[in-house]
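We have chain A; now place chain B onto it with these hints.
So the sequences go chain by chain: A and B.
Using our numbering, you'd call the opening residue of the first sequence number 1 and step up by one each time.
Using our numbering, you'd call the opening residue of the second sequence number 435 and step up by one each time.
No wet-lab data here; the hints were simulated from the structure.
Everything hinted at is true.
Computed cross-link-like contacts, PhoX-like style, restricted to lysine-lysine with a CA-CA straight-line distance of at most 20 Å:
1. A:K172 to A:K224
2. A:K6 to B:K546
3. A:K349 to B:K546
4. A:K6 to B:K570
Facing chain A, a subset of chain B residues (Cβ under 10 Å, in silico):
5. L488
6. F521
7. V529
8. G552
9. A587
10. N590
Model, not experiment: these values are computed from the prediction.
Each residue gets a CB set at the ideal place from its N, CA and C atoms; glycine is no exception.
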Amino acid sequence: MTFLPKPMTVWRLIAKEILHRKLNFALGVFSVMAASGVVVAQFTLLRAHDLSTERILHVKQKEAELRLAKMEDDYRKYMKELGFNLLILPKEQDLTEFWQSGFASETMPESVVTALANSEKIVVRHLLPIVQQRIEWPEQKRRIILMGTRGEVPLVYRKPLEPMLLAVPPGKCVVGYELARDLAIKPGQNIMLRGNSIEVQYIRPERGTAEDATIWVGLAAGQKLLGLEGRINAIEALKCHCEGVPAEQTREEVMRILAGQVKVVLRENKVTLRAKARDRAKVEHVQAMVAERASRDRLKQARESLAGVIVPAVLVAAAVWIGLLTLSNVRERATEIGILRAIGVRGRKIVGVFFIRAMVIGLLGAALGYAVGLTIGITVQRSSSLRVESAGELFDPLLMVIVLVAAPLLAMLASWAPAMLAGRQDPAVILARE
Amino acid sequence: MLEIHNLSKRYAHGDEPVDAVVDVSLSVTPGEFVGVQGPSGCGKSTLLLAAGGLLAGDSGHVLLDGQDPYELDPDARAALRARRVGFVFQQFHLVPYLSVLDNVLSPSLALKTDGAAGRAKMLIEHFGLTHRLHHKPGELSTGERQRTALARALLNEPGIILADEPTGNLDADSARAVLEYLTEFTRDGGAVLLVTHDDRASGYAQRTVRMRAGRIVEE
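In isolation and in its complexed conformation, chain A is listed as follows:
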């Protein structure tokens, strides 16, 4: 014999015993594998549920964002069409008369608009001072609306926005569609208005409103034609809905800034209606998202409840099974334990043999169980409504570590009593019995 054998170790003893009693070992590994597999499958499905929920909500969020962006775009387009929702009138204005006639009969100093524009607190985004009256067009012998406007007033404390209405240049006018059609007025043509020759800058497209019978001139020209130099009838203002401040609050704010010089009325128009619709859609979207998440959470809770029953049951069953297998192993090895004790092996080492064996069973069972559980989880989620982008997303390294640590501990815990029994067996009793 030319070789030198290796000394006997506990690990070698365990390895040889495992190879000798394969069935007992395999049953132990299988029970841990089954328990770990069920646990991993349950957690994998819960993870799939979470990932699926996030994906669904993400898709819905994106869809809603696109819808809201479209509405926002529409809203801005309407804004460009002069949809003002605040009308600032002279404080003397009789509102009943105003609503009946559609015009302010009273006037106020033009400086009011300057005071408003210079305020740093104001949340309106566009200010348009106008002078406006229904007048007789003597040269054509018909009643028209004459509107003088100087275009938007720049806001001192706000980021400049694109003007919503450009000023009408001096010496020029803009003519409403109906007037132009009835009187065959063309752009570039000069018309006479109250003895003043004014060039037609362009014809406004048909609106189907009083604007079709309106002539626009510059504010100064309008004031002069109406004999109202330095005065205006009204300021149209738009409170931007994206500010998140209700129009009513803006109205009060304007009245506070102008300290009783004006009356402010709110007007519903396409812009406000659109903005409200957008706000409503936003609220509905948030509510829908909350409802969707709540629904998903309820489903998750149901799954967790099921897992909360299955997982402990499986773990207890596996622990009992491993305990019984270890006890069987201890009984089967009684003589071996007796002789090992007789030749001087300490009881603690005998206990260690069974603990290490249980740990090996737990570790191997956990590794196989993780693979099996993950495979089951992936397969089940594929055949259900839970769809994740890729199976790799379901791999949870933390869960794997937990299973690889917890399963051996559980197996050792389950083997505690039989292992202690083995360590305390009296070799004299065993050997005398044999």
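Using the frame of chain A, we list chain B on its own:
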């Protein structure tokens, strides 16, 4: 080496206690081969287990190398057994899943010594088991099993071998070989306490004591 003073051991056996060993005194010195002979149930095996530190008596003392194993804690007692005592049994008590080599090496689980591997190799060669090195006990003849058990008992170079009917299951040739090995062990300075009811076996002993009903009746 081994001294037993006034050892008594009583077992509770139902309502009637059984006196397995009664006031037995015995000593085995290094190089001595002592046989204990008697009929079945006379207390021989109980005496052997008590001598080996596995079974405390109800009264009396056992001294192994001058030390009472029953005054030691279980770990120290196990260490004393591993260091000084070798057991050989009639049923061999080999670990069924270990090869001959691993069975011989199994005492190194209890006592780590640098030369264990080399000594195992030497013992296997000495007992003519080289060709059975990787065989399991189930694949061996009874003689080979007992020689394996004997090699295992000798691995840690014990001072005494306690042998309980080591030839009880062996044919004449195998029994003779085992007894010769035990004799050889005593020639090398070891002590042997052999428990048997076989006259042939006790014939190898330098001194034989006879037991009956737990007592030594002839020395």
